[in-house]
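There are 2 protein chains.
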Amino acid sequence: MTESGKPILYSYFRSSCSWRVRIALALKGIDHEIMPIHLTKDGGQQFSEEFQALNPMKQVPALKIDGITIGQSLAIIEYLEETRPTPPLLPQDPKKRASVRMISDLITAGIQPLQNLSVLKEVGQENQLPWAQKAIISGFDALERILQSTAGKYCVGDQVSMADLCLAPQVANAERFKVDLTPYPTISRINKTLLALEAFRVSHPCRQPDTPAELRA
Amino acid sequence: MTESGKPILYSYFRSSCSWRVRIALALKGIDHEIMPIHLTKDGGQQFSEEFQALNPMKQVPALKIDGITIGQSLAIIEYLEETRPTPPLLPQDPKKRASVRMISDLITAGIQPLQNLSVLKEVGQENQLPWAQKAIISGFDALERILQSTAGKYCVGDQVSMADLCLAPQVANAERFKVDLTPYPTISRINKTLLALEAFRVSHPCRQPDTPAELRA
Numbered sequence: 001m002t003e004s005g006k007p008i009l010y011s012y013f014r015s016s017c018s019w020r021v022r023i024a025l026a027l028k029g030i031d032h033e034i035m036p037i038h039l040t041k042d043g044g045q046q047f048s049e050e051f052q053a054l055n056p057m058k059q060v061p062a063l064k065i066d067g068i069t070i071g072q073s074l075a076i077i078e079y080l081e082e083t084r085p086t087p088p089l090l091p092q093d094p095k096k097r098a099s100v101r102m103i104s105d106l107i108t109a110g111i112q113p114l115q116n117l118s119v120l121k122e123v124g125q126e127n128q129l130p131w132a133q134k135a136i137i138s139g140f141d142a143l144e145r146i147l148q149s150t151a152g153k154y155c156v157g158d159q160v161s162m163a164d165l166c167l168a169p170q171v172a173n174a175e176r177f178k179v180d181l182t183p184y185p186t187i188s189r190i191n192k193t194l195l196a197l198e199a200f201r202v203s204h205p206c207r208q209p210d211t212p213a214e215l216r217a
Numbered sequence: 001m002t003e004s005g006k007p008i009l010y011s012y013f014r015s016s017c018s019w020r021v022r023i024a025l026a027l028k029g030i031d032h033e034i035m036p037i038h039l040t041k042d043g044g045q046q047f048s049e050e051f052q053a054l055n056p057m058k059q060v061p062a063l064k065i066d067g068i069t070i071g072q073s074l075a076i077i078e079y080l081e082e083t084r085p086t087p088p089l090l091p092q093d094p095k096k097r098a099s100v101r102m103i104s105d106l107i108t109a110g111i112q113p114l115q116n117l118s119v120l121k122e123v124g125q126e127n128q129l130p131w132a133q134k135a136i137i138s139g140f141d142a143l144e145r146i147l148q149s150t151a152g153k154y155c156v157g158d159q160v161s162m163a164d165l166c167l168a169p170q171v172a173n174a175e176r177f178k179v180d181l182t183p184y185p186t187i188s189r190i191n192k193t194l195l196a197l198e199a200f201r202v203s204h205p206c207r208q209p210d211t212p213a214e215l216r217a
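Residue numbers (the UniProt record's numbering), protein chains in the order written: chain A, 1 to 217; chain B, 1 to 217.
No lab work stands behind these hints: they were computed from the structure.
One should not assume that every hint holds.
Chain copies aren't distinguished; within one or between two, either way the pair holds.
With a cut-off of at most 35 angstroms between alpha-carbon atoms, the simulated DSBU-like pairs for lysine-lysine come out as follows [said to hold, decoys possible]:
#  : residue 1 : residue 2
1  : Lys41     : Lys96
2  : Lys96     : Lys6
3  : Lys95     : Lys41
4  : Lys6      : Lys41
5  : Lys41     : Lys121
6  : Lys178    : Lys6
7  : Lys41     : Lys153
8  : Lys41     : Lys64
9  : Lys178    : Lys96
10 : Lys192    : Lys134
11 : Lys96     : Lys64
12 : Lys28     : Lys178
13 : Lys64     : Lys121
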């Protein structure tokens, strides 16, 4: 927290995991400061001793709040949900909550880790695009099928939930990696609806304090 | 559910994600049946049309329960926690719950996806061992450091939590991939304590209905 007591979000403009948390903070109206951590500058600022002391995972996002520091986007969002429950990001019904968490985990454990920066470094320059595309397509094939039975206006019914906070940033990654979204009408429709919401707009990678001038919109 | 109304767990004996759920079912004393899905036989039984209809993610575990089918191990465990709260797998205190979820996500999104079967197939035979080791070592470096501030007898304090359900199966994977555990005294100590518990013993990969005879113990 800052001296004023505000939570601090350690974030990178393009990080889809950071974006999930930025949306949660915006939706819940939690006043906070953003501390940008540049994932490629200086060999990666997340590797600094100072940042590692804060988050041994050497990843963004991390949120300093209420005297603790939490890493992992879903753990952060669940904590915000438990301590700042309005508006809710999980439905009341346990079965619908299970759908929200299943979709969230499918994206955060089943897709994103396979196409993130550190893994793409390992697979070599020329393999990066097909590698990332394969991970996203495999995940989206499953996701589209699941959403066909869970979705209303949003991923699960007609209320924005944690699943939607995972969806929009993953679609942005898909677009960055030039994945054809034609086979995914439900994903595309929900994404479009989400991007029109204020909380998704203010938290968008193109509107962050660390967004480079040429990518701002 | 079976005709008798018992939940059905679709599981593979060696799958660390399946083992997490088997421990939860055992700890909570939830009577269930196990339906083995062999991940390599017949080209992978998870790819059958029948199983895909059940779980479009083409992965184990999946749990049929209360008229729904849930995929993703943590989503399943959170559902069990909400509908069968005794004994609890999450602490009462939101800050400790955040620690449990952070550790769980670190393992389930930060380590396991990078060393699972489908990814190792992609990296080629001769790269599999170093690839898996690198993912596990990187994650365990962070985990050891985090546990030094959260652990009591178990990952977070002195009660078994969802984090422990993720830890033991990941250590088993580390051993299978010949990772030197000497640098991880806290991880090793907790793992040893966990493996002595009845719920971890009955759910162990060496004691499943689909465990091959030569691996049984």
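Here is what the structure says about each hint:
Taking the closest pair of Cα atoms, Lys41 and Lys96 come within 35 angstroms of each other only across two copies (34 angstroms); inside a single copy the shortest separation is 41 angstroms, beyond that limit. For the identical chains of this complex, Lys96 and Lys6 are neighbours both inside a copy (32 angstroms) and across copies (21 angstroms), given an alpha-carbon limit of 35 angstroms. Taking the shortest alpha-carbon separations for Lys95 and Lys41, only the inter-copy value of 32 angstroms comes in at or below 35 angstroms, while the best intra-copy value is 43 angstroms. For the identical chains of this complex, Lys6 and Lys41 are intra-copy neighbours only, at 27 angstroms inside a copy versus 54 angstroms across copies, given an alpha-carbon limit of 35 angstroms.
Both within a single protomer and between protomers do Lys41 and Lys121 lie at most 35 angstroms apart by alpha-carbon distance, with minima of 15 angstroms and 32 angstroms respectively. With identical chains, the CA atoms of Lys178 and Lys6 are never at most 35 angstroms apart, being 38 angstroms at best within one copy and 45 angstroms at best between copies. Proximity of Lys41 to Lys153 under the C-alpha cut-off of 35 angstroms is found in neither arrangement, the shortest distances being 39 angstroms within a copy and 40 angstroms between copies. Taking the shortest alpha-carbon separations for Lys41 and Lys64, only the intra-copy value of 23 angstroms comes in at or below 35 angstroms, while the best inter-copy value is 47 angstroms.
Proximity of Lys178 and Lys96 under a CA criterion of 35 angstroms is satisfied intra-copy only: 32 angstroms inside one chain copy versus 40 angstroms between copies. With identical chains, the CA atoms of Lys192 and Lys134 are at most 35 angstroms apart within one copy only, with a shortest distance of 23 angstroms there and 38 angstroms across copies. Within a single copy, Lys96 and Lys64 get their C-alpha atoms as close as 29 angstroms, and across copies as close as 15 angstroms, so both meet the 35 angstroms cut-off. For the identical chains of this complex, Lys28 and Lys178 are intra-copy neighbours only, at 32 angstroms inside a copy versus 45 angstroms across copies, given an alpha-carbon limit of 35 angstroms.
Taking the shortest alpha-carbon separations for Lys64 and Lys121, only the intra-copy value of 29 angstroms comes in at or below 35 angstroms, while the best inter-copy value is 38 angstroms.
Going through the hint list in order, the structure does not satisfy hints 6, 7.
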